[in-house]
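Trainee: All chains, please: the whole structure from these sequences, using the hints.
Protein chains in written order, with the numbering used here: chain D, 750 to 1108; chain V, 1111 to 1461; chain P, 169 to 502.
Hints are supplied without guarantee of correctness; some may be wrong.
To be verified - Think about it this way: if two alpha-carbon atoms lie no more than 27 angstroms apart in a straight line, the pair counts; the simulated DSS-like pairs of lysine-lysine are:
hint	chain 1	residue 1	chain 2	residue 2
1	P	Lys-397	V	Lys-1348
2	V	Lys-1274	D	Lys-907
3	D	Lys-758	V	Lys-1257
4	V	Lys-1147	V	Lys-1438
Hints in this document: simulated from the structure, not taken from any laboratory.
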Amino acid sequence: MPELLPFIKNLCSLPGLSGWEEPAARLIEERWRPLVDQVSLSRVGSLHGLKRGTGPEPRPAIMLSAHMDAIGLMVSGVVDGFLRVSSVGGVDPRTLPGQLVNVHASGGGEAETSSLPGIIAQPGSRLLPPETNDGTVPLEYLLVDVGLPAEKVKVLIKVGDLVSFASEPLDLAGGALAAHTLDNRVSVAALTVCLEELQGRPHAWDAWAVASVQEETGLTGAYTSTYQLAPSLVIAVDVTFAKGPGSSDWQTVPLGEGPGLCMGPNIHPKVHKALKEQAEKLEIPFTLEYAPRHTGTDTFAAQVTAEGVPAALIGIPLRYMHTPVEVVVLKDIQRAGRLMAEFIASLTPESLQTFAWEK
Amino acid sequence: MAAFGPSQIKLLEKLCTAAAVSGDEGEVRSLVLEAIKPHCSHVRVDALGNVLAERKGSARRRLRVMVSAHMDEVGFMLVAEDGDGLYRFEPVGGIDLRQLVGKAVLVGSKHTPGVIGARPIHLTTAEERKRTITLETLRIDLGPGGKADLGDRAVFATRFIYNKPSIMARALDDRLGVALLIELVKEAPENIDLLAAFTVQEEIGLRGARVAAHALDPDLAIAVDSTPANDLPDWEGKENEAYNTRLGFGPAIYIADGSTVSDPRLVRLFATAAEAEGIPYQYRQPGGGGTDAGAIHKARAGIPSVSISVPHRYGHTPVLLARFEDWKNTHTLLQAGLRRLTPGILAGERK
Amino acid sequence: MKKLLQKLTETFSPSGYEDAIREVIRLEVKSLADEVRTDALGNLIARKKGKSAAARRIMLAAHMDEIGLMVTHVDEKGFARFTGIGGIRPAAMTGTRVRFVNGTPGVIGTDRMTDASRAPSLEQCSIDIGAESRKDSAVKVGDVCGFERPFLDMGKRLVAKSMDDRIGCLVLIETLRSLKDSPNDLYFVFTTQEEVGVRGATTSAFGIDPHLGLAVDVTATGDTPNCLKMEVGLGKGPAIKVKDSGMLADPRVVAWMIAGAEKSRLPYQREVLEAGSTDARAIQLTRSGVPAGCLSIPCRYVHTPSEMVDLDDVQNAVKLLTALLGKPLPKELE
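Mentor: Right, dumping it as structure tokens:
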């Protein structure tokens, strides 16, 4: 198997903003193709990989969903050679000043669709309305500077062009990686680990690996793929809040100590229990997580689509979520991938009945 | 005059990749020493770490001209350890704390990578997002078990980008000047004795320049620095009247800033040289701020001084932006001005 | 066209109570479509059939509901308290006239405002229908009304209440009128309950199961004094939506519309809207997902009783839709 870390670094460096996931989808498809029996795209661009099961037909199917879209910015206006921007997904404007970005300019014709480097500029307080003072500067006042003359900017860059983060991945101590867009490309990597673990291992159920679109802007991919594939069971993999500076309450789990297994109304308790028991059996470390209302992940969309699907959530601990320096520990990715693979391998044609609420 | 292009960009990239937080300028100092030694009769490093180099001219009556550029930059120092790779830090030099969050940094002499993160947006309230994030809550995170020494300096980890009209990099203030001064040492006009001072600790109070000027005791001095261009559009569309300098308008000659009233004879000399040779230039808007000239002009019995700066946007942030042409024109203007220097310029009274 | 627009905008049909406007539109489209029906939520669906069995189903949605008010209480003296239907701007309330679906007119007054510089909250407003007591009031709890404001023809600029989204309805009707032939199976859907959560579009899209969805709705502009910063302006062409706060338009649909506008040499603008969303989002989420986009008519003063559009933008929108729908879909959208 090709190594995981270079794949993650490549994957998180690709733009693939919500609604424009194609660059990410292409790389994932390339990596998954040898691992599955068929690959296809949904009508809204989610990637579906099918690994057929060995059980008798009609076979139940499990869908593993990891969203591949990324947060970022979009050009909303051009003023004197500077760009005004709008957010794609949840971006805290306090993390933006001084960031390097790539502006994906569409106005230069084929030759110049490549990205232009830019800087997110926070104009001096004299240039801003007094209410911003020296406090936080909201997104509407920030500008992107691509260092080109105004006339050129006007031709190259159009309203609606995408702006993605451009900082490079960094290897940190303790097997950790810092980069933008680890949310949620690391979960795609965990799905990849799962598919690799399943090679040469018979499993009764069909397994759909889904790299879903537009999670950050309303779970579009998860709703539509669940409808299309009509699985018997869904496990979503997403990043979860790791303990770290600024975040230490009950909503966080330790970094590097295994995936989070979430429980709450969004999650089928029996599937959760089965995952937990599987992890215990394999001595894969994990932390229990609690979402008393809504997990805010693909799990929700999967659960409520069509006639409803039992759903569960595996979280990969991540520090500084939605900043350009998200931090993950590689071991956690591998553990999540392995747990899913073992869970799938453990499913029998009868397993579905064991997930029933009451007999 | 030799060409100014790719090899200077390469030198600048090397200088900008080195880390030299005020008080810890060793990395840039070694690059400077390596670059200038073959071209100088006399080079030394003084008690504070300034590099002082002398290159004598060949004309008969020569002015002793000090040209300074500061090697140091703003950055951080690690001041306390939380354990498990997390460190508290303090800024060194004037850094807008709103620029810290979500950045990668390089720590210590090994350039160990780390990040400054923040609480995820999902866990913050709209009210909280209106408040700035305080330094007390931020940490440099080296990863689980990561190690650094307290007292280590840190700089933003920003790569160097040159997109033809513009250069984007960390520490352009004042590596642009350092690179120009290196070029000057390599090719100084013969009508002067060039006293090159690559100074330290400018960002925390012009400390290096003060002792360097005393030691060199020049006839006159020129500080080559990089100065903010606040030439962004006004939100409400009003004319921007306080831009300090503007990118693309050439080198900025100082008439007065918060620390120095430039010697008018030197201001005129450089403006005249620019006009005569068709070099674009601008006057930096008189106002606050300061350069090494602030310390130099008050050394000993007083030294006639002026500053010339390459304009940059986004000073003291992770990534600055300057125009190549402004930098190149600063180089040309320095040469043109210095060539015109004769002892006569200082013969009369300052006026 | 202006006459029809006047009729459309002077009809009162807040969300959930679209009967009146549905009849006005049905009358117009009856003779233009192959088939006209109404579904369970009251959506009016006019179908222009495709020529072959392989024809792609395209759903066009313009919502026919409008924002309005609903009575929550009639006091002893006959004053009606109310709640909003859709996104009501309290600042636009004072002095506004309303008309109930049953024809009763009324005016809006406010409680005593201690701070005259502040807009009243909806709870501080009441409707006066000229009644002297609860007993002789012609309205009761649950009655709905729209804002009363006659259509105003300024020549190139047109002003009315409920331009959002009767202008979209007009564009759909005129497109249906001007379309001679289409290789596609076209569903012109006049949707209900958009203002309260794109509900009509959700069910009609499920029923139609389209291959492509396009909403025609209004968008805000950035061309009035000290307004929000936005590139879209009146008279610069219909706006092709790239993003609004609820939806990312399908890039293939955006590209299809831009190519169509450029090929037909029609003016257009690219739209990034910071607040609001349209029926397109509901269509996009239907079943296994539908490539969806939105053609917007730039409109000033949205959700006030005086919404303004530009006649050229409207006509160019009709031309663009006619050109796009008259041809087969590009490969990437099939």
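Trainee: Does V:Lys-1348 sit within 27 angstroms of P:Lys-397, going by the straight-line distance between their CA atoms?
Mentor: holds (15 angstroms)
Trainee: What's the verdict on D:Lys-758 and V:Lys-1257, does the C-alpha distance respect the 27 angstroms limit or exceed it?
Mentor: Between D:Lys-758 and V:Lys-1257 the Cα gap is close to 23 angstroms, so the pair holds against 27 angstroms.
Trainee: Against the 27 angstroms threshold, does the CA-CA distance of V:Lys-1274 and D:Lys-907 hold or violate the hint?
Mentor: holds (21 angstroms)
Trainee: Is the straight-line distance between the alpha-carbon of V:Lys-1147 and that of V:Lys-1438 27 angstroms or less?
Mentor: Given that 27 angstroms is the threshold and the Cα spacing comes to 23 angstroms, the pair holds.
Figure legend: structure checked against the earlier numbered hints; every hint is met.
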